[in-house]
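2 protein chains.
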Amino acid sequence: MSQAVRKMQYAVRGQIVMMADKLQAQGKDIIFTNIGNPQAVGQRPITYFRQVLALTDLGDYGLDHPEVNTMFPVDVVERARKIREILGDSGTGAYTGSQGALGFRKDVAEFLEKRDGHPAYPGNIFLSNGASSAIESVLTTIMSTELDGVMVPIPQYPLYSALIAKLTGTQVDYYLDEENNWAASKQTLEEELKKSILDGVDVKALVIINPGNPTGQVSNRQELEVICKFCSDNGIVLLADEVYQRNVYAPDKEFLSAKKVALETSGCEHLQLISFHSTSKGLIGECGRRGGYMELHNIDGYVQSQLFKLASCSLCSTVSGQIMTSLMVNPPQPGDDSYELFQKEENGIFEGLKRRSKAVVEGLNKVDGINCNPAEGAMYVFPKVELSKKAIAYAEEQDMTPDTLYCMSLLEETGICVVPGSGFGQKEGRYGFRTTFLPPDEQMIPAIELFASHHRDFSAKFAD
Amino acid sequence: MSQAVRKMQYAVRGQIVMMADKLQAQGKDIIFTNIGNPQAVGQRPITYFRQVLALTDLGDYGLDHPEVNTMFPVDVVERARKIREILGDSGTGAYTGSQGALGFRKDVAEFLEKRDGHPAYPGNIFLSNGASSAIESVLTTIMSTELDGVMVPIPQYPLYSALIAKLTGTQVDYYLDEENNWAASKQTLEEELKKSILDGVDVKALVIINPGNPTGQVSNRQELEVICKFCSDNGIVLLADEVYQRNVYAPDKEFLSAKKVALETSGCEHLQLISFHSTSKGLIGECGRRGGYMELHNIDGYVQSQLFKLASCSLCSTVSGQIMTSLMVNPPQPGDDSYELFQKEENGIFEGLKRRSKAVVEGLNKVDGINCNPAEGAMYVFPKVELSKKAIAYAEEQDMTPDTLYCMSLLEETGICVVPGSGFGQKEGRYGFRTTFLPPDEQMIPAIELFASHHRDFSAKFAD
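In order, the protein sequences belong to chains A and B.
Using this note's numbering, you'd call the opening residue of the first sequence number 5 and step up by one each time.
Using this note's numbering, you'd call the opening residue of the second sequence number 5 and step up by one each time.
Bound-form chain A, shown alone:
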């Protein structure tokens, strides 16, 4: 069997989560804060999106039903008809073209133009099953030999390390600076590149995650300029994971796309860039839908044709995910029947995330021995936890990382399921974990106290 698969690790569904599932099956109450899966922890779906989706699936039966307006608002019926026009008579039941239906890709391109103030082209958009499958197809296409490298931020979302291991390429780590709000410095990037060249590695691509996962920072223009220039100067393809672009809570921060910054930075005219978005995150949280897209920018036509061939082999991404992507980028507008409810629902989700992002960071920082950067965006915080020598030694005896020991104890004592920091990568000697702040206030606010009391108990138990 594949040695590459054997070596893969994917901590978001690793050891701690399996134990949590087991404890839950035994009747224990578990607070799942291990994964960005909002609707699994109480977030309600946005009504308009589901209504449109349902009506497109009903097809003629629904659209021509004399009572359709008892259940579906007028603008929902109109939108479902428009989607029907895009998909043609085949509706949601047929494979679309390999890149996804053209009409939805037009929606995405219009959204990108409005967002960035720069042109975008439907021909450069590929609709995908969530962002994950798009990222996989890009890495599959870019990498060829074991010495082909991908620069990955540390800490990172473990999809990247898992895919690089699967594709038997080389992962080149560049550390984000926790003291400097998880920014990547030019110096670090250059040093890591130099080292990898000495090792014979040919760096093909560099990943950024903005807003950050697991780290929650929102990169500013200057930080993005550094990245874009670095990639541009070194002929490295920039892979911009921007799935949390709607999740910005810090009042002094805004999301800037890598494409916008590249196009507004001199010397980056030829930067090769692929950016990713998803319906699973944002204020939608439609994870089960598996919708998303990638946009190619300055990518060589031959490479694009190979990405197209790869997409053809899986025939097409799921049509309901394609529809959800179109709805995400083109939601109800003022004056539409559904606008008011849509706004109310979306705002409710946003305000909840914002409130809890603050509460969790403040609560954790009050605990002696826990230190947590602000959650400016995304859905996560990634606190640092001070562990005693005794705890570290005990973990080693148990053949687990110290933060795995800590997270396992947290799970067993409090029912809170988080992911150990080691699953994302971190500096040697740093320990910590990632937690979401997705569960509703009534669950998340008391959980903050549980984090605190567990830390005190754990520290007492393993006091040096």
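Treat the hints with care, since some could be wrong.
Put simply, identical chains are the same to the list, so a pair is met inside one copy or across any two.
[Stated by the list, open to error] In the DSS-like style, the derived pairs of lysine-lysine whose C-alpha atoms are separated by at most 30 Å in a straight line are: (1) K388 <-> K313; (2) K26 <-> K110; (3) K313 <-> K26; (4) K32 <-> K313; (5) K26 <-> K86; (6) K431 <-> K313.
Note that these hints are calculated values from the structure, not bench results.
Following the hints, complete the assembly by docking chain B onto the known chain A.
Relative to the frame of chain A, chain B by itself:
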């Protein structure tokens, strides 16, 4: 970039199809018979399936709506509630477990038990995005080095050759015998295995497609016994692509699963088998849904854990595909409100396919120079076409295979879009194409005459 991706070929969406899309954009009427995409060529969706799907997406809004029964029959509402119980409060918006929701896997296991008369276990079922993604994950897990081989029938569905190329393994061809209704002989299997061993290849798996794609045969028990015994004796994992199991038209044939035959054949007790099914084919044709499953049988627990890890990395298959899979294996039963309409719709689709499978084969066999085995099942025929030396020479001059020349001419002259035989593999010196018989009678029956007249014209044009 990846040399493996560069080498991949996927003819079902290759050169001819791109030309067809171009001609269609120019206003030419195209009859698309290149791909098993039933709803793209007029097949209507089954009402009950779409109603259940829509109502599950509507969630509380739909289930608690006072007027729900104006649009949704009582049994649809009940089924949507059951699905809601399986998915939990999160409904269709959350990631499920990596293998898919347990309740749906239970439905699949019950279906398999009824179908085969042998036990099946939800723990061995993985729900997937169509069959393609399951097949990819299995090949990814099984293959490790360039000398790891997979035996593939020729002609084959080109997903297999594409994936083996992508994974840089070795494809070991075994030819099906066209004179013997596309059966695989024991002698051929043994010879090919012997040859590959001499080449240093370690054959890990063998693929069968039953009913056949592109060849349309339905394998009988004896043929399947030969395959099962061969795999079992040689420690080869059997991969059974059974996505056309509901598409059997020959009155003297029935679908027998590889699992059933293996369990009823002495010496095959330990056969390692993975079988695949999909919601895209059958009488459903819900291609855009991307639903499907695989069942593992006698697969080593460690390999299964690696398949699970791989599934975890993509988080889960699309939930609407999971629901469609559950509906496919557990449709309305006699006495249910929706049963009569469901039966009528399904029968209509089946009878249409059966009628056209016969008409196409008979029509093609009437043409001098075209020879076509019966379409006992699946959605395709794979006729052999006699080409003149002049045509073959002309094709070579044009740097295309002779059957590509033929199919391009067919497209240009008649608007019928088929796939050249060379895209599936065939004996040297054999030429032909694959066509579906999916378009409705009013399009497909006149198309038969177009196949005939084109063949006469083409033969006259290139007469030796």
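Point to revise | Unmet hints by their number, sorted upward, for this structure | key: none
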